Amino acid sequence: MGNAVAIAAVSEMKPARYPELGGYDMYVEVVRQFLQEWPVKPSDIQGLLACPSGMAGGGNSDIFVHEQLYEEMGIHPLFADTMNAGGSTYSLMIQRASLAIQQGLVDSVLCVGAGKFPKVGAGGAETMAKMVSHEIYEFPYGTFIPAMYAQVAQRHMHEFGTTAEQFAEVAVSSRLWALQNPQAAMYGKEALTVEKVRNSRPIASPFNLYDCSIPLEGGAAILVTNEQIAKRFSPQPAYVLGMGEYHNHRNIHQAPDLLDIGCGKAAKQAYARAGLQPSDMDFAQIYDAFTVNPLVFMEELGLCPRGKGGETFQSGRTRPGGDLPVNTYGGLLSFGHTGDASGMSMIVEGARQIMGIAGERQLSKANLGLVHSYGGMMSEHATLLLGRQS
Amino acid sequence: MSDSPTTSVVAKPQPQISPGAEPFWEHAKREELFLPFCEACQKPFYYPRRWCPSCFSQNLSWRKMTGKGRIYSFSVIHQSPHPSYQQDVPYVLAIIELNEGPRLMANVLDCDVSAVHIEMAVEVTFQARGEMKIPQFRPCN
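Heads up: the sequence lines are chains V and Y, in that order. Read in order, the letters of the first sequence are residues 832 to 1221 in this note's numbering. Read in order, the letters of the second sequence are residues 130 to 270 in this note's numbering.
Rather than coming from a laboratory, the hints here were simulated on the basis of the structure. Every value quoted in this text rests on a predicted model; they were computed, and no experiment measured them. Treat each hint with caution, since some may be false.
[Unchecked claim] Once the Cα atoms are required to be at most 20 Å apart in a straight line, the calculated EDC-like pairs of lysine to aspartate or glutamate come out as:
# : chain 1 : residue 1 : chain 2 : residue 2
1 : Y       : K262      : V       : E966
2 : V       : K845      : V       : D856
3 : Y       : K172      : V       : D1088
4 : Y       : K141      : V       : D1088
5 : V       : K961      : Y       : D217
6 : Y       : K172      : Y       : E226
[To be verified] Have a look at the derived ranges for each label pair, beta carbon to beta carbon:
#  : chain 1 : residue 1 : chain 2 : residue 2 : range
7  : V       : Q1100     : Y       : E168      : 34 to 42 Å
8  : V       : E860      : Y       : Q216      : 40 to 48 Å
9  : V       : W869      : Y       : Q216      : 52 to 60 Å
10 : Y       : K158      : V       : E966      : 13 to 21 Å
11 : V       : G1153     : Y       : S213      : 41 to 49 Å
12 : V       : G992      : Y       : S213      : 48 to 56 Å
13 : V       : D856      : Y       : P148      : 47 to 55 Å
14 : Y       : E248      : V       : F895      : 44 to 52 Å
15 : Y       : C269      : V       : N1198     : 54 to 62 Å
16 : V       : G954      : Y       : L238      : 23 to 31 Å
The C-beta atom is built at its ideal place from N, Cα and C for all residues, glycine as well.
Could you put together the complete structure from these sequences and hints?
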C-alpha cells in the first residue's frame, strides 16, 4: 500500500464499571495508561482522532473531545477530529490515519476511544433502542437491540438450518479465549457450555442472556505511525496492509439483504487492496455484540463457505488450539463490551497478536490477521488486514 | 409503599409526522396503507421521503397497498426495555415484506408467538397511538 503504515503501540483499560469516572474522565484515564505503558513524547503525536464521549450514555455526547484532549495532552496536532461511526469508528480512525500518513500529511496519529455503558435495567436499554431505531418508523414498535440483531439470526436459521445451539457455540468459543486473558471480564470464571447458554434467561429469540455481550466500560488508545517511527516503539509493529469500508443502511428494516449486510463488501475491498485472500488469514477478530455476528460474518468475510458458519463454530476450529482462531481475547461476549469504545478491543487484540505481545494466548502463527467491526445495527462496516511484513 | 391501588399504564410511543409524510398518516387513520410511489421507477417505497431512493425523482404519488405480505424476519421479545411494552411480553418484532415489495418494521399481533415463522402470511391491521393509528400486522390465510 505505498508508504508503509503500522500500528506502533496499543493500550486498553480493563473492562469494568468505573462509577467514579465520567465520560471525559475515561479519556484521561485511557491516555494516562497509554503514556505509562509506552515511552511516547508529545513530539511523537502529530495527529489525534477521538470518538464523541458519552454516546451510549444517552446521547449527551461531547463532539469536541479532541480539542479538550489535545490541549490537556499539551500537543498541537496537524490533523485532528472527533468522529463517529458506532462500533466501526476505530477501524475507520485507523483507515483515516493511514491515509493521512501515506499522503505525508503527518507521521503519526493517536486514535483514542473511551466508553461508558448505561445499566440496561435502568432505562438504559430503552435509551439505546431509541438511538439505533428510526424514531418514526421503528421505535414505536417496542424495538430492542437484541431483537434487531435477532432478525439476522432468524433469517440465517431459515435459509441454512442454523440452530440456536450453533449460535451458543460462539459464546462457548469466546469464553475459552477469555479464560486465557487476564484483562477479560470473564477471566477466572467458568467455561461455558451450549447447555448453559441455552438454559440462560430468554431475551429475544433465538438469543438468551449468554448470547449477548457484557455491558461494561473502558477504552483504548492506538498509535498509528509511519514505519520508521513504528520501529522505534515496537520491534514488530502491526502493518496496516488492507482496508475497506461499506455503509449499508441506518435502520435494520432498510437493509436490502440481512445476509449480505455490508460486511463482505468492506472485506472484499480490503483483500483486493492488500492482494490477499481469506485463506491467508491466521486469525480473525470480529465485532460480536451478539453470538450471531461472528457466525454469519465468517461467511461474508470468506473465512468459511456460505451457510457453514454454524458448523465452523461447532467444529472447534475457532477455539484455542483450533486452526481458525476467532476473537482470541474473549470477544465482547466474554472480554466485555465497553460501550462507545467497544470497536477498539478487536483492533487492539489484532495488533497484539501480530506484534507478538498477546501473552498466554499468543498464537503460534500470527503473520496475517483480519479485524472486522461494524457500527449501529450492523449498518456500517470496516475491515482491516494487519500483518508482520510491510 | 404507595397507598394508591392504581397501576399507571404508560402509553406506547406516538410517531411524529415528518414533512411530506402527512398522507401516509391521514390514510392510516382511515385504516388504509398508502405508500409513496415513484412515477419514474413505477415502484412504491417505504418509508415516506421527499425523493425516490432508487432514482432521486421527486415525481411521487401515493398508492394504496393490498396490506398483504409475509414475514421476512422476526424475533420474539421476552424482556422489553419499554415500560409501555412490559404488559405485552412475549411480543413479536418483525420485518414484513409487502406483496408489492417494500419492507416495514412492525409487531405481529393476534398470534401464537410460538407459531410465528419466516414466510408466514400476514395482513395489515391498525393500532391507535393517541390521535394517530400505526400500521401493524396479523396472521392471515
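Quick rundown of the hints versus the structure:
1. Y/K262 with V/E966: holds (16 Å)
2. V/K845 with V/D856: holds (15 Å)
3. Y/K172 with V/D1088: holds (18 Å)
4. Y/K141 with V/D1088: Answer violated: Y/K141 to V/D1088 is near 29 Å, above 20 Å.
5. V/K961 with Y/D217: holds (19 Å)
6. Y/K172 with Y/E226: With Cα atoms ~14 Å apart, Y/K172 and Y/E226 stay inside 20 Å; holds.
7. V/Q1100 with Y/E168: 34 to 42 Å: holds (36 Å)
8. V/E860 with Y/Q216: 40 to 48 Å: For Y/Q216 against V/E860, whose Cβ atoms are near 42 Å apart, the range 40 to 48 Å holds.
9. V/W869 with Y/Q216: 52 to 60 Å: holds (54 Å)
10. Y/K158 with V/E966: 13 to 21 Å: holds (20 Å)
11. V/G1153 with Y/S213: 41 to 49 Å: Check passed, 45 Å falls within 41 to 49 Å.
12. V/G992 with Y/S213: 48 to 56 Å: violated (36 Å)
13. V/D856 with Y/P148: 47 to 55 Å: Distance hint for V/D856, Y/P148 is violated at roughly 41 Å.
14. Y/E248 with V/F895: 44 to 52 Å: holds (49 Å)
15. Y/C269 with V/N1198: 54 to 62 Å: Because 57 Å falls inside the window, the suggested range holds.
16. V/G954 with Y/L238: 23 to 31 Å: holds (26 Å)
Taken one by one, the earlier hints fail for this structure at numbers 4, 12, 13, listed in ascending order.
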